[in-house]
Amino acid sequence: KWLFGLGSRYIKGGDLVCILFRCSVPVVLRKCGDDSLNLHYEFVGKCYIHGKMDGEVL
Numbered sequence: 508k509w510l511f512g513l514g515s516r517y518i519k520g521g522d523l524v525c526i527l528f529r530c531s532v533p534v535v536l537r538k539c540g541d542d543s544l545n546l547h548y549e550f551v552g553k554c555y556i557h558g559k560m561d562g563e564v565l
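For what it's worth, my numbering labels the leading residue of the sequence shown as 508, then goes sequentially.
Hints are not guaranteed to be accurate.
[Unchecked claim] Pairs of lysine to any residue residues, derived as SDA-like cross-links and limited to a Cα-Cα distance of at most 20 Å, are as follows: (1) K538 with D561; (2) K553 with F511; (3) K508 with C525; (4) K519 with D561; (5) K519 with V534; (6) K508 with G520; (7) K519 with L544; (8) K538 with V551; (9) K508 with D561; (10) K519 with I556; (11) K519 with L546; (12) K508 with C530.
Hints are computed from structural coordinates only; laboratory data are not their basis. Since the structure is predicted, the reported quantities are computational estimates derived from the model, not experimental observations.
All chains should be built: construct the whole structure from the sequences, respecting the hints.
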């Protein structure tokens, strides 16, 4: 299913759009480093996903 959204110009292919507990908007995270034992992500920015901004995914 395709969804329409808007986000930062810094978003790249492979970034993750996530809905985090207690966060009021979806965020974009990017995996950093290549250590498979310790997963670390950096915050890229907030985003807008049409139809998913009011808790519809929960």
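Violating hint indices (sorted, rising): 1, 4, 7, 12
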